[in-house]
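Engineer: As you go down the protein sequences, you meet chains A and B in turn. Mapping to our numbering: the first sequence position 158 is 158, numbers consecutive. Mapping to our numbering: the second sequence position 143 is 476, numbers consecutive.
Any given hint might turn out to be false.
To be verified - Here are the simulated distance ranges between beta carbons:
id, chain 1, residue 1, chain 2, residue 2, range
1, B, Gly-428, A, Ala-242, 36 to 46 Å
2, B, Ala-575, A, Pro-142, 53 to 63 Å
3, A, Ser-60, B, Ala-432, 17 to 27 Å
4, A, Asp-260, B, Ala-658, 25 to 35 Å
5, B, Pro-426, A, Ala-116, 49 to 59 Å
6, A, Ala-94, B, Gly-650, 33 to 43 Å
7, A, Ala-13, B, Gly-544, 51 to 61 Å
8, A, Gly-95, B, Leu-507, 42 to 52 Å
9, B, Glu-652, A, Ala-116, 21 to 31 Å
10, B, Gly-384, A, Pro-142, 35 to 45 Å
11, A, Gly-106, B, Pro-426, 25 to 35 Å
12, B, Pro-648, A, Ser-60, 35 to 45 Å
13, A, Gly-295, B, Gly-485, 37 to 47 Å
To be verified - Some chain B residues near chain A, calculated using beta-carbon distances under 7 Å:
id, residue
14, Gly-355
15, Val-385
16, Ala-478
Hints were generated in silico from the structure; no laboratory data involved. Cβ atoms here follow ideal geometry from the backbone N, Cα and C, with glycine treated the same way.
Number of protein chains: 2
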Amino acid sequence: MELSEDQLIEAIARVLSGEEPGVVVGIGDDAAIVRPGSGQAVLTTDLLVEGVHFERGTISARDLGAKAITVNVSDIAAMAASPRYALVSLAVPAGIEAAWVIELYGGMRDVCAEHALALVGGDTNRADLVVLSVTVVGEVAPGRALLRSGAGAGDAIVVTGSLGGAAGGLTLSLAADASSLLSQPWARALLEAFERPVARVGEAQVLARAGATAMMDLSDGLAKDLSRLCLASGVGARVRTANVPVAPALAAGADALGVDALQLALSGGEDYELLATMPMNALEAATEELRDGFGVALTQVGEIVEGAGMIAVGPGGEERVLEPAGWDHFARG
Amino acid sequence: MELSEDQLIEAIARVLSGEEPGVVVGIGDDAAIVRPGSGQAVLTTDLLVEGVHFERGTISARDLGAKAITVNVSDIAAMAASPRYALVSLAVPAGIEAAWVIELYGGMRDVCAEHALALVGGDTNRADLVVLSVTVVGEVAPGRALLRSGAGAGDAIVVTGSLGGAAGGLTLSLAADASSLLSQPWARALLEAFERPVARVGEAQVLARAGATAMMDLSDGLAKDLSRLCLASGVGARVRTANVPVAPALAAGADALGVDALQLALSGGEDYELLATMPMNALEAATEELRDGFGVALTQVGEIVEGAGMIAVGPGGEERVLEPAGWDHFARG
Numbered sequence: 001m002e003l004s005e006d007q008l009i010e011a012i013a014r015v016l017s018g019e020e021p022g023v024v025v026g027i028g029d030d031a032a033i034v035r036p037g038s039g040q041a042v043l044t045t046d047l048l049v050e051g052v053h054f055e056r057g058t059i060s061a062r063d064l065g066a067k068a069i070t071v072n073v074s075d076i077a078a079m080a081a082s083p084r085y086a087l088v089s090l091a092v093p094a095g096i097e098a099a100w101v102i103e104l105y106g107g108m109r110d111v112c113a114e115h116a117l118a119l120v121g122g123d124t125n126r127a128d129l130v131v132l133s134v135t136v137v138g139e140v141a142p143g144r145a146l147l148r149s150g151a152g153a154g155d156a157i158v159v160t161g162s163l164g165g166a167a168g169g170l171t172l173s174l175a176a177d178a179s180s181l182l183s184q185p186w187a188r189a190l191l192e193a194f195e196r197p198v199a200r201v202g203e204a205q206v207l208a209r210a211g212a213t214a215m216m217d218l219s220d221g222l223a224k225d226l227s228r229l230c231l232a233s234g235v236g237a238r239v240r241t242a243n244v245p246v247a248p249a250l251a252a253g254a255d256a257l258g259v260d261a262l263q264l265a266l267s268g269g270e271d272y273e274l275l276a277t278m279p280m281n282a283l284e285a286a287t288e289e290l291r292d293g294f295g296v297a298l299t300q301v302g303e304i305v306e307g308a309g310m311i312a313v314g315p316g317g318e319e320r321v322l323e324p325a326g327w328d329h330f331a332r333g
Numbered sequence: 334m335e336l337s338e339d340q341l342i343e344a345i346a347r348v349l350s351g352e353e354p355g356v357v358v359g360i361g362d363d364a365a366i367v368r369p370g371s372g373q374a375v376l377t378t379d380l381l382v383e384g385v386h387f388e389r390g391t392i393s394a395r396d397l398g399a400k401a402i403t404v405n406v407s408d409i410a411a412m413a414a415s416p417r418y419a420l421v422s423l424a425v426p427a428g429i430e431a432a433w434v435i436e437l438y439g440g441m442r443d444v445c446a447e448h449a450l451a452l453v454g455g456d457t458n459r460a461d462l463v464v465l466s467v468t469v470v471g472e473v474a475p476g477r478a479l480l481r482s483g484a485g486a487g488d489a490i491v492v493t494g495s496l497g498g499a500a501g502g503l504t505l506s507l508a509a510d511a512s513s514l515l516s517q518p519w520a521r522a523l524l525e526a527f528e529r530p531v532a533r534v535g536e537a538q539v540l541a542r543a544g545a546t547a548m549m550d551l552s553d554g555l556a557k558d559l560s561r562l563c564l565a566s567g568v569g570a571r572v573r574t575a576n577v578p579v580a581p582a583l584a585a586g587a588d589a590l591g592v593d594a595l596q597l598a599l600s601g602g603e604d605y606e607l608l609a610t611m612p613m614n615a616l617e618a619a620t621e622e623l624r625d626g627f628g629v630a631l632t633q634v635g636e637i638v639e640g641a642g643m644i645a646v647g648p649g650g651e652e653r654v655l656e657p658a659g660w661d662h663f664a665r666g
């Protein structure tokens, strides 16, 4: 079924909920108008392109919509800020089903509802492939944002949850024998990690209150993202590889997938867990609060050191340079 | 030359100016942080896809960058708001020249500087074609925004500047004999209108102060955009075709291009002039202020009537239904 731009905007406006707090003018005018909060505005945007970030055959429209919002909410969370408003631009090929577009917006709405985020505007277009651009506006009290640049020597390096699950899910979705593996519980868990990542909004605010000194979200893999945090903070890092929390489903499926689980946990992208640094003495309380409040593990994977560069320390104490190799959407094409 | 994502972000950060008023955290962290203004936040986003909105062979990177910012600033202007911050997501094919990307950001910077807009963040990706997504955050005093929904029967329908120039430029750029026509002054003027549209920020604020009741920018052509304004306001319109300000360069080149100048002025897109409605008695002062302050014409093209639908009134008084046919990026693909 063919939709004109006006028809599509109308369908999208219908699938989105009506009155939202703070929204003065929503979808349908030249721009949206929102009431400002009392804090500073936090702005982030992310572009998802078919064939680069996703394949339409291997992710449902609903999961894609959810993920597009989640990856932006995760960037807001990584500043210890609260997401408030989302804008969505969509380009779709001529042959797209209306139902696919409605499902896509349904997935976006799910995640927006979960984080009390209002979807206030956007833009629709034709293109030869699906392009989805999401902008999220958040809010943070002045001076309370956590940047990448605050890590100091002696800080613990911590991550939330477990790592490598999303990269395992991507590997699985590209595997020739994927369908024969899908009866395995680990396989479904890996796909879930890849297709339905979760943004750690509340967890980030716990880490900020607990005294975290720097924070970012893990979109491009621990090694690469930690190298960025170190560069921004002017420090180095030592990572104890035995402490890296490999996703249990990845550990279970690594042999069947023919991958090195630790390697994926270090360099796989799109986990959207938090990477933070904090004083050693803040670690215990933060760990307890995340576990009790969110059921989410906080794991120390290393420590910040003076200087530059990263060292991986193996189980037997052996050391090697940890290269900032990771997921580079830009290098893939 | 191949650039990694980090190298590209660094190059972009270099081409962009440094400290900007209101920017707490700019490019390089998970998100940007800006100080809120005293007004309400106005949000808009627009996606430009190669092959749909532009062809890389027919527009320079600098013009493309400038236009990507301008079309968003125009949406902010159409709310009678002031643009403050921009976010840019870019996807480029693997073979792109670094110089092309730098020029693109140079064009964005030009327009940002013109409107005192800070480019505070974004995202870079690979894709098989160039995709550019821009979000602009603006500001407006509470209750002062001009929506599409405020037009009332008896209001004059006005447009700034002249119409059809951009569509003429697009027609020319696609013409087989384009290069032989480029020695003509009208041809260069049409290309300029298409490649370097201007956002009417100050003009919009004049119209708002003068008492405009509804406003939008002309991105999809007068007929289509006016139909949207009428629908939002629950009114109809009568357009006097003899009064439609056809771009002089289009009038000069229409025969050579084989187009109907009035038709393009009614249905051609991407002029980014303002379409507004205002009480008849506000027209004279507004016209003088735009002419004296900006050197921009304000032309009454018709009036708002009760009911629904649009009528075109010809030079001899003959009437026909004016169909909302125009530029539909969505229908093109």
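Engineer: Decide, hint by hint, whether the structure agrees.
Structural biologist: Okay, the hints, checked on the actual structure:
Roughly 42 Å separates the CB atoms of Gly-428(B) and Ala-242(A), a value that falls within the hinted 36 to 46 Å. Taking 53 to 63 Å as the suggested C-beta distance range, the pair Ala-575(B) and Pro-142(A) conforms, at roughly 57 Å. For Ser-60(A) paired with Ala-432(B), a C-beta distance near 40 Å fails the hint of 17 to 27 Å. Evaluation of the 25 to 35 Å hint for Asp-260(A) and Ala-658(B) yields a failure: the beta carbon distance comes to about 59 Å.
Checked against the given bound of 49 to 59 Å, the beta carbons of Pro-426(B) and Ala-116(A), roughly 38 Å apart, lie outside it. Distance hint for Ala-94(A) and Gly-650(B): a CB-CB separation of about 42 Å, consistent with the stated range 33 to 43 Å. About 29 Å separates the C-beta atoms of Ala-13(A) and Gly-544(B), a value inconsistent with the hinted range of 51 to 61 Å. For the pair Gly-95(A) and Leu-507(B), the supplied restraint of 42 to 52 Å is violated, since their beta-carbon distance comes to about 24 Å.
Separation of Glu-652(B) from Ala-116(A) is about 51 Å and departs from the stated range, judged on CB atoms against 21 to 31 Å. About 44 Å separates the C-beta atoms of Gly-384(B) and Pro-142(A), a value consistent with the hinted range of 35 to 45 Å. The beta-carbon spacing between Gly-106(A) and Pro-426(B), approximately 32 Å, falls within the hinted interval of 25 to 35 Å. At roughly 56 Å, the beta-carbon separation of Pro-648(B) and Ser-60(A) lies outside the given 35 to 45 Å, and the hint is violated.
Roughly 57 Å separates the CB atoms of Gly-295(A) and Gly-485(B), a value that falls outside the hinted 37 to 47 Å. A distance limit of 7 Å between C-beta atoms decides the matter here; for Gly-355(B) the minimum to chain A is near 9 Å, and the interface restraint is violated. Taking 7 Å as the C-beta cut-off, the interface hint given for Val-385(B) holds, the closest approach to chain A being about 5 Å. Checking Ala-478(B) against chain A by beta carbon gives a least distance of about 6 Å; that is within 7 Å, so the hint holds.
Hint compliance for this structure: hints 3, 4, 5, 7, 8, 9, 12, 13, 14 are not met, and every other hint is.
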